[in-house]
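Enquirer: Sequence order for the protein chains is S and H.
If you want our numbering, it's the 1-based position in the first sequence plus 1.
If you want our numbering, it's the 1-based position in the second sequence plus 7.
It is worth saying that the hints were derived from the structure and are not from the lab.
Among these hints, one or two may not hold up.
[Unchecked claim] One side of the interface only, derived from the structure: several residues of chain H facing chain S at Cβ under 8 Å: (1) 109; (2) 121; (3) 123; (4) 125; (5) 136; (6) 137; (7) 196.
The structure displayed is predicted, hence computed values, not measured ones.
Every residue gets a Cβ at the ideal spot worked out from N, C-alpha and C, and that includes glycine.
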Amino acid sequence: MLTGDAQKFYGLLFGIAFSTLLITQQLTIFVNLIERGASGVYNAPEAEIWVMDPVSRTTEVNYAMPSTALDEVRSVKGVEWAVPHLRAPASVRSSTGDLEGVQIVGVDDATLIGLPERLLEANKSILSQPDTVLIDDVGITNLFESGEDPIGQRLELNDQRAIIRGVADAIPSFTSQVTLYTKYSQALNYVPGTRNRLTFVLVGIKDGESAEAVAQAIEDQTGLKAETRAEFAQAGVNFIIENTGIPLNFGITVALGFIVGVAIVGLTFSLFIRDNIKQFGALKAIGVTNRKIAGMVVSQAAMVGSIGYALGVIGTVLFILGFSENPTFKGFYIPWQVPFVSMVAVIVILSLTGWLSLRSVMRTEPAAVFR
Amino acid sequence: MTMSDLQPQHMDTTAIGGCAPDAAICARGIVRDFQAGQSTIRVLHGIDTDIKPGEMTFVVGESGSGKTTLISIMCGILWPTEGEVKVFGTDIYKLSDTQLVNFRLENIGFIFQQYNLIPSIDAAANAAVPLIAKGMAVEEAREKAKQLLEKLNIGDQAEKLPNQLSGGQQQRVAIARALVHEPRLVVCDEPTAALDASSGRRVMDLLREVAVAHDRACIIVTHDNRIFDLADRILVLEDGLVTHDGSDMPDGH
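Isolated chain S, as found in the complex (with noise of 0.2 Å):
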């Protein structure tokens, strides 16, 4: 009965589509821009620990140490290796005189340990010429917007000159800020002096121990805070959970995403109901019990719901694909659970709105279709 009424059957599909594509997408959105809080962390994969001052937030929010604390941390029964880390913020000055806001990360000069794993443009060894830095791929569009190509091109920072030699394939910060890699050594020039300046010591892991047990001793011996990469990880992701208003402008573009479908779900579904009471009735007079009355509109819904559902995925599929050139979206994907999300979503909406339109089909008396 449904599927024959074209117009309300592309109503319930609209209804559908678009509510789950409004979930999917949103969330989709949502989820991966708040894993930008823990880039910091993906972007260094060869670290299993994190250890900084115990004030330290993540990558982003945090507090340097005395420099002895990297040989503490190297004293501690169950690390394998550790190496100096500085993440600092700084303002660099184009060729052009723009002025932009950074973020400088230098990595350990002997290992390069702290770098993103792959690099666009260049090798990694690059790293060991004079004033070298190099710039993340995101960063290359705010910082040369006119679509030059930033090889070779000169820098300043804190009054030293930089020059980018390679670009790094990295997962962008939260903020899509520029980020600089360079040397630790070198890294201490760009960022202007303070008495203590390490804010990261990157811990490797002896083959058999645990990251949480390590770190855990690494905390009691050092008195430092200590994290395993997937603690330090989901620490960015609450940070901005909890310092942002992204959850709750997500969580109401989703909510709105539930009413629309809601809204129109349920107004085709009464107006199906309505205008086809007269056939409930004559099904009911002829001997068809409620239960298979309810059955048949489940199994129509069910399948309206399908197809529905499918569109708006296949929707969120596609919004992905064709944005994935564009720097905003680097990485984008969507995880298991954002479907799985929006399919329970569907359900409810057509459990809900379903049930309040079955109810005047089940009160419906026989003898209606006789008035």
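Position chain H relative to chain S; hints supplied.
Expert: Relative to chain S, chain H alone:
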């Protein structure tokens, strides 16, 4: 559950209140009230009547006389306020809801004034609805429905949707739906109201041919005086009472 399951439990073949033992329908003391705001309106005032098998019985009367209410009660889709109804010996209002639904499915066929065909399924599927509701496999039910549509001379329209059929063809599909499960009682509501005189007579001829048999009763609610001469028996209702029961219309109507 089938009718054969129900019959031993509820069948009462003894004559009650002057009811003929072979009556298709035996209605006694039927009263029906409706609420209209604060007031109660009595539509039927204690009707006693029998419907015999093998007869085409017309129930006629002005609008508001209670004829639709009466047949709704006689075919088990509207509870009487008072009174009892036995259909082929079964006191239908003593059945549970589920038993009554099954009883209708097994024993009663309906032809509605507006046909009420399901718009999204073809003629064969519409005609097969009672069989499918009884649990028959869809293909088998469609095949049986097609045979009946052939008999009703619209076999070639079996695959068409209702909106692709003329009014007369839709009515034949509705007739097929009413008869496909071989019910013992066929109830028709204004079957000729939307048809011209000749089409109306053809439908009535068809109904007499397929819906009237020695073990099957047919009740028709109508106020179409063009077809009164086709009735075996006419019940005239006025203000909720049977004022005439005979083979012809009384003088003055």
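Enquirer: Please go over all the hints and tell whether each is borne out by the structure.
Expert: So, going through the hints one by one against the coordinates:
Checking residue 109 of chain H against chain S by beta carbon gives a least distance of about 7 Å; that is within 8 Å, so the hint holds. Taken as an interface hint, residue 121 of chain H checks out: its beta carbon lies about 7 Å from the nearest beta carbon of chain S, inside 8 Å. At a threshold of 8 Å, the smallest CB-CB gap from residue 123 of chain H to chain S is about 4 Å, leaving the interface hint in force. At its closest, the beta carbon of residue 125 of chain H sits 5 Å from a beta carbon of chain S; the interface hint therefore holds under the 8 Å criterion.
A hinted interface residue such as residue 136 of chain H counts as satisfied when its beta carbon comes closer than 8 Å to some beta carbon of chain S; here the least separation is about 6 Å, so the hint holds. Taken as an interface hint, residue 137 of chain H checks out: its beta carbon lies about 6 Å from the nearest beta carbon of chain S, inside 8 Å. Using the Cβ-Cβ criterion of 8 Å, the hint placing residue 196 of chain H at the interface with chain S is satisfied: the shortest such distance is roughly 5 Å.
In summary, this structure violates none of the numbered hints.
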